[in-house]
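Colleague: Sequence:
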Amino acid sequence: MPNKNTFLAALIAMIGTINFGFVFEYSAPAIPQLMANHMGALRLDENSSSLFGALPLLGALIGSFFGGYLVDIYGRQSAIIFLSIPSSIGWVAIMYAQSVTSLYIGRILTGISVGIASIACSVYLSEIAPASKRGMFGAFLQVGVTAGATIGAAIGMLVSWNFLAVAGQVIATILAFSMMFMPETPRWLISNGYEELASDTLRWLRGPDANINYELEEIKLVKNTKNVGYSELFSPSIRKPFLISIALTIFQQATGINPVMFFCTYIFERAGFKDSDVVNLIAATSQLVSSIIGYFLAARFGRVVLLSCGSVVMSLSSFTFGLYFHLLDTASLNPSWLALVSVFTFFMAFNCVWGSIPYLVMSEVLPSRVRGKVGGICAGIGWTGGFLVSYGFLPIGEIISIQGVLWIFSGFNFLAAIFVYYFVPETKGKTLEEIEIFFDSNKSVSRATEV
Numbered sequence: 001m002p003n004k005n006t007f008l009a010a011l012i013a014m015i016g017t018i019n020f021g022f023v024f025e026y027s028a029p030a031i032p033q034l035m036a037n038h039m040g041a042l043r044l045d046e047n048s049s050s051l052f053g054a055l056p057l058l059g060a061l062i063g064s065f066f067g068g069y070l071v072d073i074y075g076r077q078s079a080i081i082f083l084s085i086p087s088s089i090g091w092v093a094i095m096y097a098q099s100v101t102s103l104y105i106g107r108i109l110t111g112i113s114v115g116i117a118s119i120a121c122s123v124y125l126s127e128i129a130p131a132s133k134r135g136m137f138g139a140f141l142q143v144g145v146t147a148g149a150t151i152g153a154a155i156g157m158l159v160s161w162n163f164l165a166v167a168g169q170v171i172a173t174i175l176a177f178s179m180m181f182m183p184e185t186p187r188w189l190i191s192n193g194y195e196e197l198a199s200d201t202l203r204w205l206r207g208p209d210a211n212i213n214y215e216l217e218e219i220k221l222v223k224n225t226k227n228v229g230y231s232e233l234f235s236p237s238i239r240k241p242f243l244i245s246i247a248l249t250i251f252q253q254a255t256g257i258n259p260v261m262f263f264c265t266y267i268f269e270r271a272g273f274k275d276s277d278v279v280n281l282i283a284a285t286s287q288l289v290s291s292i293i294g295y296f297l298a299a300r301f302g303r304v305v306l307l308s309c310g311s312v313v314m315s316l317s318s319f320t321f322g323l324y325f326h327l328l329d330t331a332s333l334n335p336s337w338l339a340l341v342s343v344f345t346f347f348m349a350f351n352c353v354w355g356s357i358p359y360l361v362m363s364e365v366l367p368s369r370v371r372g373k374v375g376g377i378c379a380g381i382g383w384t385g386g387f388l389v390s391y392g393f394l395p396i397g398e399i400i401s402i403q404g405v406l407w408i409f410s411g412f413n414f415l416a417a418i419f420v421y422y423f424v425p426e427t428k429g430k431t432l433e434e435i436e437i438f439f440d441s442n443k444s445v446s447r448a449t450e451v
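The working numbering puts the first residue of the sequence shown at 1, with every later residue one more than the last.
By construction, these hints were calculated from the structure, which means they are not laboratory data. The structure presented is a predicted model; accordingly, all values stated were derived computationally and were not measured. Each hint should be verified, as a subset may be incorrect.
[Unchecked claim] Cβ-Cβ distance ranges computed for the label pairs, FRET-style:
hint	residue 1	residue 2	range
1	Asp-45	Trp-204	37 to 43 Å
2	Ser-401	Val-278	22 to 28 Å
3	Val-312	Asn-37	41 to 47 Å
4	Tyr-194	Gly-411	44 to 50 Å
5	Leu-221	Gln-98	27 to 33 Å
6	Met-180	Asp-209	26 to 32 Å
7	Leu-333	Glu-434	36 to 42 Å
8	Leu-243	Val-305	19 to 25 Å
9	Ser-48	Arg-300	16 to 22 Å
10	Leu-8	Ala-299	27 to 33 Å
11	Leu-221	Pro-395	49 to 55 Å
[Stated by the list, open to error] Under the rule of at most 27 Å between Cα atoms (straight-line distance), these lysine-lysine pairs were calculated in the DSSO-like manner:
hint	residue 1	residue 2
12	Lys-240	Lys-430
13	Lys-240	Lys-428
14	Lys-240	Lys-4
15	Lys-4	Lys-220
16	Lys-133	Lys-220
17	Lys-430	Lys-133
18	Lys-220	Lys-430
19	Lys-428	Lys-133
20	Lys-133	Lys-4
21	Lys-133	Lys-240
22	Lys-240	Lys-220
23	Lys-428	Lys-4
24	Lys-4	Lys-430
Think of the CB as a built atom: it goes at the ideal place given N, C-alpha and C, for glycine as much as any other residue.
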């Protein structure tokens, strides 16, 4: 059982992902308010609301590249503390916005904090966790994201859009203050020559009675402080984990989770639900519950099984959600139960699996010496796809219908299941050093490959 100090460090780092979820959820209750006629200079139309919802993804793209360097150069802990700065400035810009431009700037800045969190928090959690519990600790990522979304949905029912931004500011402040008291990861400390401090940190994380010698020596075994250039990304030991990581982050965005979450309230209004804010809160709560379930699933099942099964379930639920809109448009039927079951099943499958495991796998398969830099590149590519998907959701939906877009998401989810089954190696229960040695050995990665 992991030491209580390890859990404490993980819970504090999880505040970074609570900020992550709150940023993305913010648009769901805020957009309907900002589209009201009385908003004047701040009023959003359908095009500007699409941009308002998607801009955090553009910010996350910037933040992921920047965060990758922060993680490698200044450390995982420092990067998590730093992400509170753009988040705080962004929420202030939204709170006191006098124009749509100010709203956009605030959304980009809060998105930058999300991009940094996506790298820094996942690497921090994977590096402080014992090998046997790394899947459980990786699931903390999505528990935090969904907790942030639930907080945003609940508060968003009670206050206006600008007071909702105050809550985001509070989360960022708590993160910065509490993370100052948490340690840097032993792996980063060793890779930067702080071996004595690394030993003390590992002792704190594992407990005074734990035998840390083997783990410490294993970390030292793969120590490599060499600065990796971009040309070396395609060397055999880095190319395979690099390509696997890129594919997983792209498929994560191609599931359609962000546009469905950003425009959840809008979608339910289109579907005829009068209390769309209540449904949005229920949806956010179901995501939190499912991410907690995912925490226990990650401890029991391998990454490949969970990712493959989750993709199939999301493919089916995206298809049935699209079928609901098709029936609504063509047959004048309104089986509201089908919409609710589809959305909740989709959210549950994503948050049990695809919310956290792609970043967990990425932080596992990438070598320690490039975990930040290359992880930032992979996340940046994923966020680019996420921005395009989210920004194009409503305009494309107007052209080919919402059901058409949902069926495209269904197809991507099915392709993700095939990719994972054939190309992603199983890493459950292996130390990060064992995984790194596996890719260094230049073994082929194919179906049923296990590290």
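Colleague: Mind listing which of the numbered hints don't hold for this structure, in increasing order?
Modeller: Numbers 1, 5, 7, 9, 10 and 14, in rising order.
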